[in-house]
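A.B. asks: Listed here are the chains, written in short residue letters.
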Amino acid sequence: MTVKLNFKIDGNDFTRAGEASGEVKRVLKELGLPSDVIRNVSIALYEGEINMYLHANGGQIEVAVSPDAVGMVLTDSGPGIENVALAMKEGYSTADDNIRSLGFGAGMGLPNIKKYTDHMMIETEVGVGTTIRLKVYIK
Amino acid sequence: MTVNDLADKLGLVFLTGQEDAQKQVSGCYCGDLLSFVMSRAKSGDAWLTVMGHLNSVGVAALADLACIILTENAPLSPDALERARQNKVIILQTEKTTFECAVAIAAFLKI
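From first to last, the protein sequence lines stand for chains A and B. Using this note's numbering, the first residue of the first sequence is number 1, and each one after it goes up by one. Using this note's numbering, the first residue of the second sequence is number 1, and each one after it goes up by one.
Hints in this document: simulated from the structure, not taken from any laboratory. Please note: incorrect hints may appear among the correct ones.
Unchecked claim - Each computed DSS-like pair below joins lysine-lysine, with the alpha-carbon atoms no more than 30 Å apart: (1) A:K4 with B:K88; (2) B:K96 with A:K29; (3) A:K8 with B:K88; (4) A:K135 with B:K9; (5) A:K139 with A:K114; (6) B:K9 with B:K110; (7) A:K139 with A:K115; (8) B:K9 with B:K42; (9) B:K110 with B:K96; (10) B:K88 with B:K9; (11) B:K88 with B:K23; (12) A:K139 with B:K23; (13) B:K9 with B:K23; (14) B:K110 with B:K42; (15) A:K4 with A:K114; (16) A:K114 with A:K135; (17) B:K96 with A:K4; (18) A:K139 with B:K9; (19) A:K89 with B:K96; (20) B:K23 with B:K110; (21) B:K9 with A:K4; (22) B:K23 with A:K115; (23) A:K29 with A:K8; (24) A:K139 with A:K29; (25) B:K96 with B:K42; (26) A:K139 with B:K96; (27) B:K42 with A:K115; (28) B:K96 with B:K23; (29) A:K8 with A:K135; (30) B:K96 with B:K9; (31) A:K115 with A:K8; (32) A:K89 with A:K139; (33) A:K4 with A:K139; (34) A:K4 with A:K115; (35) B:K88 with A:K114; (36) B:K88 with A:K115; (37) B:K42 with A:K114; (38) B:K42 with B:K88; (39) B:K42 with A:K135; (40) B:K88 with A:K29.
Only chain B is shown next, with the shape it has when bound in the complex:
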């Protein structure tokens, strides 16, 4: 499943462009402590968090995550948006809670 597919199915809003939205999503990781995410998230995971700042973009880029999904409409800082565009990190937003979003992703990925 691609990020685009996931966005369609869950009604996610793209905060960055959709140019790289054909990236494959292979799993999901939920968490707000960046070192936990670095350590435990797997390459290709969709990352669910409320941390929409510059360092989140760095983590997603370095750990090869499929995308960042900001849950509960958590805001994205302008500098993070700029960095995400530079590093081709896809960021989406949803009003769903992290739990609701993770459950929906698990159902679509059949995991």
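The following block holds chain A by itself, in its conformation from the complex:
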């Protein structure tokens, strides 16, 4: 059986940043998944969700929990990523001072997502948007 969750992220309301990740965490706990799987999914999803707020004015998050893995698809219609290899490097960030004053913009978002997932694929086109597909296996 697969449990599916969908969230629309409203990029204009930053006070709600993290709500979707929090809700996913709550559901995964209810489903009784191992705590390390829950933590890895939560961290990766939170970073992705924050990126949607900071860079893409919102987007869509789909989560599918199957017996062997938690799959996540994060889609936005933002500016796209010009240089994915550079964006994957720790410390590289295009965030402005306002974002940095909130404690973000350390250039750790995408590297953190990679660190806490077993599979990560980025599809992006400048001026069109970005889709990130993630998977965390349930061992």
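Following the hints, complete the assembly by docking chain B onto the known chain A.
C.D. replies: Coordinates of chain B only, in the frame set by chain A:
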């Protein structure tokens, strides 16, 4: 050691209620950049920071941190306090610097 024990020993002030203060503290992480904290802090760590806003609460909840300790009496925003209560995130405050607080925690945890 529980959050309550730590609060007693260090003279920390609870900004949230003490209902969940029996959570175990197993380590400590210091930092103000949220993505660093997400990446490097370990589950069960007491997190020392001056960032008392809404997103700090989200990070602490999602990364399973034992508590947030606002050092140098850094303020906590009202919306963050409300979110912390909803998410059962424990937040404490101290006039100590992050360094002084971390040194004291290390001594108590013998790490």
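A.B. asks: Does each hint hold? Answer for all of them.
C.D. replies: Cross-check of the supplied hints:
1. A:K4 with B:K88: holds, 26 Å
2. B:K96 with A:K29: violated, 36 Å
3. A:K8 with B:K88: Holds, at about 25 Å.
4. A:K135 with B:K9: Violated, because 42 Å separates the two Cα atoms, which is more than 30 Å.
5. A:K139 with A:K114: Between K139 of chain A and K114 of chain A the Cα gap is close to 18 Å, so the pair holds against 30 Å.
6. B:K9 with B:K110: holds, 14 Å
7. A:K139 with A:K115: Holds: K139 of chain A and K115 of chain A sit about 17 Å apart, inside 30 Å.
8. B:K9 with B:K42: Cα-Cα ~22 Å, so holds.
9. B:K110 with B:K96: holds, 19 Å
10. B:K88 with B:K9: Judged against 30 Å, a Cα distance of about 22 Å means the pair holds.
11. B:K88 with B:K23: holds, 11 Å
12. A:K139 with B:K23: OK: K139 of chain A and K23 of chain B at ~26 Å, within 30 Å.
13. B:K9 with B:K23: holds, 15 Å
14. B:K110 with B:K42: Given that 30 Å is the threshold and the Cα spacing comes to 17 Å, the pair holds.
15. A:K4 with A:K114: holds, 22 Å
16. A:K114 with A:K135: Holds - the C-alpha atoms of K135 of chain A and K114 of chain A are around 10 Å apart, at most 30 Å.
17. B:K96 with A:K4: Measuring from Cα to Cα gives roughly 46 Å; hence the hint is violated.
18. A:K139 with B:K9: Violated: K139 of chain A and K9 of chain B sit about 40 Å apart, past 30 Å.
19. A:K89 with B:K96: The given pair, whose Cα atoms are some 35 Å apart, is violated under the 30 Å limit.
20. B:K23 with B:K110: holds, 18 Å
21. B:K9 with A:K4: This hinted pair is violated, its Cα atoms lying about 46 Å apart.
22. B:K23 with A:K115: holds, 27 Å
23. A:K29 with A:K8: Status holds; Cα separation ~22 Å.
24. A:K139 with A:K29: holds, 16 Å
25. B:K96 with B:K42: holds, 23 Å
26. A:K139 with B:K96: Status violated; Cα separation ~42 Å.
27. B:K42 with A:K115: It holds: about 14 Å lies between the C-alpha atoms, which stays within 30 Å.
28. B:K96 with B:K23: holds, 22 Å
29. A:K8 with A:K135: The given pair, whose Cα atoms are some 20 Å apart, holds under the 30 Å limit.
30. B:K96 with B:K9: At roughly 13 Å apart (the allowed maximum being 30 Å), K9 of chain B and K96 of chain B satisfy the hint.
31. A:K115 with A:K8: holds, 25 Å
32. A:K89 with A:K139: Since the Cα atoms of K89 of chain A and K139 of chain A sit roughly 28 Å apart, the hinted pair holds (cutoff 30 Å).
33. A:K4 with A:K139: holds, 20 Å
34. A:K4 with A:K115: Distance of about 24 Å is within 30 Å: holds.
35. B:K88 with A:K114: Distance ~28 Å between K88 of chain B and K114 of chain A Cα, so the pair holds.
36. B:K88 with A:K115: holds, 27 Å
37. B:K42 with A:K114: holds, 17 Å
38. B:K42 with B:K88: holds, 18 Å
39. B:K42 with A:K135: holds, 21 Å
40. B:K88 with A:K29: holds, 15 Å
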